[in-house]
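Taken in order, these protein sequences are the chains called A and B.
So in my numbering, spot 17 of the first sequence is number 17, and the numbers just go up one at a time.
So in my numbering, spot 634 of the second sequence is number 634, and the numbers just go up one at a time.
Simulated from the structure, these hints should not be mistaken for lab results.
Here the structure is a predicted model, which means the values were calculated and not measured.
So, partial list: chain A residues that the calculated Cβ filter (under 10 Å) puts toward chain B: (1) C17; (2) L22; (3) G33; (4) A75.
Among chain A residues calculated to face chain B with C-beta under 7 Å, some are: (5) T15; (6) A16; (7) R18; (8) A19; (9) R31; (10) F32; (11) S35; (12) A45; (13) S48; (14) V74.
The calculated label-pair distances, taken between Cβ atoms and stated as ranges, are: (15) A/E10 / B/S372: 51 to 61 Å; (16) A/R81 / B/E19: 51 to 61 Å; (17) A/A51 / B/P56: 38 to 48 Å; (18) B/A283 / A/A51: 21 to 31 Å; (19) B/D307 / A/N29: 42 to 52 Å; (20) A/G76 / B/R468: 21 to 31 Å; (21) A/E64 / B/A280: 36 to 46 Å.
Glycine residues also receive a C-beta, built at the ideal position from the N, C-alpha and C atoms.
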Amino acid sequence: MSQPVKVVVEPELCTACRACELACHYHHNGRFGTSRASVRLRYDADTSELAITFDDTCDQCADEAEPLCAHFCVAGAIRIRP
Amino acid sequence: MSESIWAGRILRVDLSRGEISEQPTSDFAEFAVGGRGIGQWILFREVEPGIDSYHPDNVLTIGAGALVGTLAPASCRLSVDTKNALTGGVCATNAGGHFAPELKYAGYDSVVVTGQSSRPVYLWIHDGEAELRDASHLWGLDTWQTEIALRRELGDPNVRVALIGPAGENLVRGACLITDRARAAGRGGAGAVMGSKRLKAVAVRGTGELAPANREAFLREVERCNRKLMESKIIEVYRAGGSMRFAGAGGPDGNFPQAVRNYRDSYWPLEKSRKIYEPALKAGYEVRRLGCFNCPISCSHFYAVRDGPYAGSAGEGFEINSVRAFGSNLDIDYPPAIIEAHNYCSRMGLDVDMAGACIAFAFEAYERGDLSREEANGLELTWGNHQAAMELLHAIVERCGVGDMLAEGVKRASEKLGRGSQAYALQVKGADLNEASMRPMKAWALGIILSTHGGGHLDGAPGAWAWRGHEEQARELFGNPNPGAAGEYQNQANVLIWFENYKAAIDMLGICYFTSMWLDALALSPGDYAALLSTGSGREYSAEEVMLIGQRLHNVQKAFNTLHTGHTRQDDRPPPRLEEPAKSGPFKGERLEPEKWEHMLDEYYLAQGWDLETGWQTRSSLQALGLDEVIAKLEAYGRLK
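Okay, chain A solo, but in the shape it has when bound (with noise of 0.2 Å):
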């Protein structure tokens, strides 16, 4: 899918600590791991380029008080959409 409207994405701030996937997988399933997040971190070590992606099962953390995603990103590089 395209990115949540719920957050903004900058990955030019992204620091590719994948905070961003623990906290995805967490709200998925209460449990701590990365292989259920909706959302993706690839990045090129040549190149120090990277991307950050949503799949469908993102539900824009419906029951939270907003996207985990955004939440643990320090580096702003998911941030929620003011």
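We have chain A already, so just place chain B on it with the hints.
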């Protein structure tokens, strides 16, 4: 799927027999918690004194901390523990990146490697299964090439790899493990031990999960800890520039002492320093800031060189130590050379501290005439000559000519070279030194020299910067309102011991040390880590218990050193070079004065309850910690006081 913050299993690999088995993590979790704790307890129990670091019976453990893979901040650390290739004692080295959480998601908290394979192999761990595979086609490749090849071979771009490069294969004693291209388990030659076992790599992929015992309470603690970190002014500096903010010969204000020209001085002129400090590198070379798994600080930098002789060199993982090792300590103020030297070490799997120290030693030997040009592979080893430094770096990895001697570390190299060169061999117990500030910061220096892994700041060395403005808190914790203050020899023992225990506890949890009170008195305390562990594990830990578990671990490591090396008080003294005064700058005249150093040692041994003459542990000090097992082994080898 684990119902705990621990994956629940430890993988055991016997390379001599090609056998793989498992044991429950619960055999260790109660007293060793995870990561460095499990690794060091296994070493203590299973490696007998008298064997060489490269003997098949040496054990290499690769372990994730108890909180790794959870939402606890910077829950990413990997501990690599083995018998040190440089000192013969403890190697407890630590890396960030993404390997450690992947290991736990794959179903294992630690991997314990014993024996020696007859041919190169790699270990492939995936979702609760493990197998040894042939690595003949990977032997000789650098770490970056190998990671690419393994991901292609295993058909998954998300595979994480901890591995060695040519330095480890060639048994360079400072060889390290690399993961995620640049995250190094750097100190102590664990890469050489892995090379001696002919284990090229450990590749992991896991889709499993970890579960906190008390989900809501754990998340509350995570949120609270994250807020503390975001409110810290010092951590804000690290978020802005990483440890690189203190690189150069002075950091932002020019007053931070460094190692210059093999520690002959502690200060570099600002015109040189400002060519290689963080703002200059950011402006000229930075492509992106990067962080380890789930890290709110993100201290790493990706730098790329676009022109000149090192055009095309691009990579990450720069910390202050690379700039010191290949900058001020070699008098090189050309950033592209420093960037390439760092990247080369990452590719080859070589510790930057060891490499830089060896090159600085060779430069000084050349200048003094103790090493001729012919002996130096025909290189002109003059300060600032970055081309020669690079050639020498290659020679060390390839063990070519003088590089073969230097690949043994400066202690062994100086013993082989002779000619009085031991006087300027910067090493502690065989571990090469690449550290800042050692002359003026007496407690910092003591922490480095007393470190159980030889010489290094990541054990008990206290940072004075953390306590400015927090004198009352410091007085309460250590009985000293200015811990680690410049020029202060007295009343530092309790500070050191507190940090030794604290760091040991943090390494068992697998949280990055940059989240701690080592950086800022207002950052995460023993109570904060205890709260994360309690809510995560479901067993109540107090701050005092976490510190006690850390103290026990530190004592296990001290005992390992005593058993394996016989080091005594005389080995707890600084290299002679640091007794010579700094020649210039704000700390001109500062040195480590031998008499006052002895007073510091007395104070430290007394506070530990150890023997003043030998520096060894005593029965009563170990009884107080409930370490009967340690008492029995020391007694059996006649090394208990």
